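S.K.: All chains should be built: construct the whole structure from the sequences, respecting the hints.
Protein chains in written order, with the numbering used here: chain A, 1 to 262; chain B, 1001 to 1367.
These are computed hints drawn from the structure, not numbers from a lab.
Here the structure is a predicted model, which is why all the values come from computation and not from measurement.
The beta-carbon is built from N, C-alpha and C at its ideal position, and this holds for glycine as well.
Hints are not guaranteed to be accurate.
Stated by the list, open to error - Here are the computed lysine to aspartate or glutamate pairs in the EDC-like style, where the Cα-Cα straight-line distance is at most 16 Å: (1) 1079/B x 164/A; (2) 1137/B x 160/A; (3) 1216/B x 1030/B; (4) 1182/B x 1164/B; (5) 1171/B x 1200/B; (6) 1216/B x 1025/B.
Claimed, not checked - Sample of chain A residues lacking proximity to chain B, with all beta carbon distances greater than 12 Å (derived): (7) 96; (8) 180; (9) 187; (10) 226.
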Amino acid sequence: MDGTYRPGTVGRGLAWATAAYLVLPILIILPVALTDQRYLSLPEDGISFQHFRTVLTSPEWLGSIWQSFTIAVAATVLSVTAGTLCAIGCWRISRRATELIRVLMLLPLIIPSIVYAIGLYRYFGPLGLLDRFLGVVIAHGVTGIPYVVITVSTALATFDPRLEQAARGMGASLSQTLRWVILPRIAPGIFSGAIFAFIHSWDELVMVLFIASRDVFTLPRRIWDGINENLDPAMAAVAVLLILFTLLLLMADRALRRRSEG
Amino acid sequence: MSDARGHALSLREVSKHYGSFAAVERVSLEVGQGEFLTLLGPSGSGKTTILMAVAGFVTPTAGSILLDGADITPLPPEKRNFGMVFQGYALFPHMTVVENVAFPLRVRGLSRADRDAKVRAALDLVQLGQFADRLPKQLSGGQQQRVALARALVFDPNLLLLDEPLSALDKKLRAELQEELKALHRRVGRTFINVTHDQEEALSMSDRIAILNHGKLIQHGAPGALYERPRTRFVADFLGKSNFLDGTVRDSRPGGFALENGASRLAVALPDGEAPPADGTRSLLSLRPEKIDLLPEGQSADNVLEGRVVSWAYLGTGFSLRIATEALGEIRANLPAWRSAFAPTEGLPVRLGWDARAAVPVAEDAP
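M.R.: So this is what it looks like as structure tokens:
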């Protein structure tokens, strides 16, 4: 951009250092996953894909991947439905009380998840939701709501309220206005929220450690156990797959945003 | 669409209060079938609030709104079947021109074939047929405005409401679209209610103008009648420009009176049937700048005034002069430039003259 200050050497150096600090721990996983050794280490005599093979053929790993995926999908549906309705409701009513509700909805982001997890453990027990698919879906779905509320509220902030008036003036009922005018305008926000809610559930560990044990064994949980029990490089391979998957989701999010702006 | 009769609307003592603030205060107004009525006023005069009350987006605090005699005050906007063109148009950005125009028909559950035929007719009406598949952001301001018009007319609305429909356009386009809008009104024969703060737009398009100020209806009537016979200082000043001359009424008789101001006596003629003010009362005259002539040597008029040019501006079509007079202070006069050998200079002595029918007595505005 013309007319702006150029960054100095120090600023530029700091920026690169920060970027490196963010990316390097992720990149180190890659050579580790390709190690030819049988323990968590860097490759010594050459690279090997054996650990990827292990992961993609082992029923335990595949089962966990599938379980994590279905939980994440179900939790995302829950987060998106509740979060979108909440954001639209707050936006439509738009009073001081709704500001409070919006802040309340962000609580799962603010409160440490271990505190949340202890709470869930206490009252999921009597409800019979411990170590159940439904229990994890509820836990992940509820804590995913903030992401959706944030992205949908942002989308609604740029929504011209006269469009709603125009639709009403032309005879549209509330549900018609919602379906044909409001939702299409905020769809990119909903999709963004969905992607973040999905990622949130997909890599959530702390709550799963508390409320699941044997029947529900998600992917992060299996990595965690693998680290604790044996230093199997298969974990690094899983991590690489996870990173690729997350990257794909984020790229989808970007592409969607670009399309809605363009 | 062309054979439909317009509907009549009446406002009865409509008020809208926000706390102790009266946005609209006891406004009563009749809008005839097929009439083009403009609500004109400065910002904050309540004109948009009235339009929104007619549309159903604002619930009046008191009073009622009737369509063809039936009370529609409690009806929500989606049940009123009124077309509306919003300020800034409020086109749906994610829909093409066709989808925008088809929206009110889709809402009403029309079949695809019926929808297509009506949309095509509406787009032809505003000459936008070739832009059917564009998105609003790919259209110019004038084209967007026409899409908004087509969308507001496509479902055979009982009324067409226009909220400052031309304010977003540049001056030249505005003049063009004023003519188009007027022609469209003639073609569709519906009742139009337009809101604007632009007096030129109001004068050029409307069958009737209602002038509002501070939430009150000040005066309404045909554009010519309002311009020629303003009843209050505000109307004379807001609709066009005006000089204001005050003084004491003398020689009051049917058909006219004289206004005494210091040493000068101004002759005022009244139209038939207008009662003159009583002798000895204070009166205020509105005198349009274009009704003042520059008198050549030896020529006279009902009223003659001597003065000097303070400043002048050339406007192409004419000169706008500020003239200092001893008797009445500063006077504004507009003279046509063409066919006039007049060459103004500052300090130039001039003789002004005007007809006794030119000045109109107006009331001071209520505080």
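S.K.: Is residue 1216/B close enough to residue 1030/B, meaning Cα to Cα at most 16 Å?
M.R.: holds (15 Å)
S.K.: Given the hinted pair residue 1171/B and residue 1200/B, is their alpha-carbon gap at most 16 Å?
M.R.: holds (11 Å)
S.K.: Hey, does residue 180/A actually stay past 12 Å from chain B on C-beta?
M.R.: violated (7 Å)
S.K.: Between the alpha carbons of residue 1216/B and residue 1025/B, is the straight-line distance 16 Å or under?
M.R.: Holds. Residue 1216/B to residue 1025/B sits at ~5 Å (cutoff 16 Å).
S.K.: Taking the shortest Cβ-to-Cβ distance between residue 187/A and chain B, state whether it exceeds 12 Å.
M.R.: At about 9 Å from chain B, residue 187/A fails to clear the 12 Å cut-off, so the statement is violated.
S.K.: Against chain B, does residue 96/A hold up as non-interface, every C-beta pair farther apart than 12 Å?
M.R.: Check passes; 17 Å lies beyond 12 Å.
S.K.: Going straight from one Cα to the other, do residue 1079/B and residue 164/A come out at no more than 16 Å?
M.R.: Within the cut-off at roughly 15 Å; holds.
S.K.: Over 12 Å from every CB of chain B: does residue 226/A meet that, or does the non-interface label fail?
M.R.: holds (47 Å)
S.K.: Mind checking the alpha carbons of residue 1182/B and residue 1164/B for me, to see if they're no more than 16 Å apart?
M.R.: Given pair residue 1182/B, residue 1164/B holds - Cα atoms ~15 Å apart, limit 16 Å.
S.K.: Between the alpha carbons of residue 1137/B and residue 160/A, is the straight-line distance 16 Å or under?
M.R.: Distance ~15 Å between residue 1137/B and residue 160/A Cα, so the pair holds.
Of the numbered hints stated above, those contradicted by the structure are hints 8, 9, listed in ascending order.
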